[in-house]
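Chemist: Based on the hints, put chain B in the right spot on chain A.
So the sequences go chain by chain: A and B. Letter by letter, the first sequence follows residues -12 to 231 of this note's numbering. Letter by letter, the second sequence follows residues 155 to 459 of this note's numbering.
Source of the hints: derived by calculation from the structure; they are not laboratory data. Small disclaimer: the values here were computed from a predicted structure and weren't measured. Keep in mind that the hints are not guaranteed to be accurate.
[Claimed, not checked] Restraint-style ranges between C-beta atoms, simulated for each label pair:
(1) B:Ala218 / A:Lys207: 25 to 35 Å
(2) B:Ala311 / A:Ser83: 49 to 59 Å
(3) B:Asp298 / A:Ser83: 54 to 64 Å
(4) B:Phe428 / A:Glu43: 41 to 51 Å
(5) B:Tyr246 / A:Thr18: 14 to 24 Å
(6) B:Ser391 / A:Ile(-4): 53 to 63 Å
(7) B:Glu435 / A:Glu3: 18 to 28 Å
(8) A:Trp229 / B:Glu300: 36 to 46 Å
(9) A:Arg69 / B:Glu274: 44 to 54 Å
(10) B:Arg366 / A:Thr18: 35 to 45 Å
(11) B:Glu300 / A:Arg69: 48 to 58 Å
Built from N, CA and C at the ideal position, the CB exists for glycine as well.
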Amino acid sequence: MKRSVFSVIRNEALTETVFRMVLRGDTSAITAPGQFVNIALDGLYLRRPVSVCDLEGDTLTLLYKVVGQGTARMARTAPGERLDLLTGLGNGYDLSKSGDKPLLLGGGVGVPPLYLLARRLIAQGKSVTAVLGFNTKSEVFYEAEFRALGAAVTIATADGSYGKKGFVTDALPEGYSYFYTCGPEPMLRAVYRAAGTDGQFSFEERMGCGFGACMGCSCKTVTGYKRICRDGPVLEQGEILWND
Amino acid sequence: MERLKTILCGIPLDNPVIPASGSFGFGREFAELYDINILGTFSFKGTTRQSRFGNPTPRIAECAAGMLNAVGLQNPGVDAVIAEELPRMKAYFHKPVMANVSGFSVAEYAETCAMLDREEQVGWLEVNVSCPNVHGGGMSFGTDPEAAFEVTRAVKAVTKKPVIVKLSPNVTDIVSIAKACEDAGADGISLINTLLGMRIDLRTRRPVLANRMGGFSGPAVFPVALRMVYQVAGAVSIPVVGMGGVSSAEDVIEMMMAGAVAVEVGAANLVDPFACKKIIEDLPGTMDRLGISTLREIIGAARVS
Chain A
-12 MKRSVFSVIR
-2 NEALTETVFR
8 MVLRGDTSAI
18 TAPGQFVNIA
28 LDGLYLRRPV
38 SVCDLEGDTL
48 TLLYKVVGQG
58 TARMARTAPG
68 ERLDLLTGLG
78 NGYDLSKSGD
88 KPLLLGGGVG
98 VPPLYLLARR
108 LIAQGKSVTA
118 VLGFNTKSEV
128 FYEAEFRALG
138 AAVTIATADG
148 SYGKKGFVTD
158 ALPEGYSYFY
168 TCGPEPMLRA
178 VYRAAGTDGQ
188 FSFEERMGCG
198 FGACMGCSCK
208 TVTGYKRICR
218 DGPVLEQGEI
228 LWND
Chain B
155 MERLKTILCG
165 IPLDNPVIPA
175 SGSFGFGREF
185 AELYDINILG
195 TFSFKGTTRQ
205 SRFGNPTPRI
215 AECAAGMLNA
225 VGLQNPGVDA
235 VIAEELPRMK
245 AYFHKPVMAN
255 VSGFSVAEYA
265 ETCAMLDREE
275 QVGWLEVNVS
285 CPNVHGGGMS
295 FGTDPEAAFE
305 VTRAVKAVTK
315 KPVIVKLSPN
325 VTDIVSIAKA
335 CEDAGADGIS
345 LINTLLGMRI
355 DLRTRRPVLA
365 NRMGGFSGPA
375 VFPVALRMVY
385 QVAGAVSIPV
395 VGMGGVSSAE
405 DVIEMMMAGA
415 VAVEVGAANL
425 VDPFACKKII
435 EDLPGTMDRL
445 GISTLREIIG
455 AARVS
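Next up, chain A with everything else stripped away, as it sits in the complex (with noise of 0.2 Å):
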């Protein structure tokens, strides 16, 4: 983990509620895909966890969806703006076990974190296949930069209104090495019970400090209690407990 100041070089709508920012300053600390920055924001006491979408050299992208203050105040954040932020947080995604045709499943705005996924895992010469859920035409983001990539990409919306209908459960693919997903919990819940492999999920929850120290995010797991800002928040499909 690192704490530094950023800058913002970019920040833009790409759908009516999905921001892209993106920012320069030390990224030394960003290991895996999957991994988190915690963002502090003027005027909230909280500093607000955010996945990397993509990362090159000191160029760090982020895409959030504008839920609440946090994120609406990010989305008034105009360019040459410093953020202090700290980076390299959690544990991301293990590439090791994608075998040759890993399969990526993402669900609104859990798409972003498998971007650099993706691109990492293409760059070790695995067959990827991406199937991105949305709930409508309007709110779909980033296929062409899953396709730019070289991804197999199919989309899924919930209403039928672009690509397949249905859910990305609904179009999973034959032949995959392995998965590994980011989205709703309702979406990793049929996952889990759909998928024909094993995989990776990553999960969110409300934090307080994101590096381990406050135990606000905890859950309970095969191997025992785990912090999903810090032990996450990829988890094995095997060491998963869900809560009912």
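Modeler: Chain B alone, transformed into the frame defined by chain A:
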């Protein structure tokens, strides 16, 4: 630096800055960022006899200039603290540590404290009779003078280490609780634990916290904490440790002027993992500006008429 030194229940501290229990784990996450031996000491994660998962999530909510938590004393239990955490801590913390203890019965407090009494690394026992996030324990011992007396007396009977009782602000008369602890033999008082609060999600119309209510802390509570430290320090003759919303060197000095001999820092560690380091580094310059040569000279300064 001599001018920052203070003494807490007979044990010298290099400076008065102490990360508060629940905001600092067992120190490991912070020791990766800076040498935590610069701290006065730290109060480790509230420990109970048995291991606890705590409350369901969400456990965290936000408010203006502060936050709420309903963690519910998640901890590995005193056996694991002694067998694993304390030995591991030897590698990165070389000062006496403050052991924070909670319980659900007088006997449980005493048993846990008796076990920690045998640990050389433990300098002080901070007995938490003020956790607002557990049922049938914690705060119920700290909201009644007789119960606080009983817990304090039972713990004092099993340890030679200084016993500091951590009080809840969720009472009408904090002075009567503090005095009961002093009468039972407490060596010090620390305050305040968090204030019981809540938030409601406007969209779902449900409490944000799964536990419905939680402990409110952060800069917003500082004036309440300061007032209670002032009241208690004026009423007891044992040392008082002040905490509640402390985020800066100025806040530390203000707490000491109210009568605190040392100061704990809680929520600030969560938003800035370097908060305590910065406070310690800022203290000398802030003291220079205010014409303070040593911190010892300002303890209780606001009390002098």
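Chemist: Tell me, in ascending order, the numbers of any earlier hints that this structure violates.
Modeler: 4 and 7
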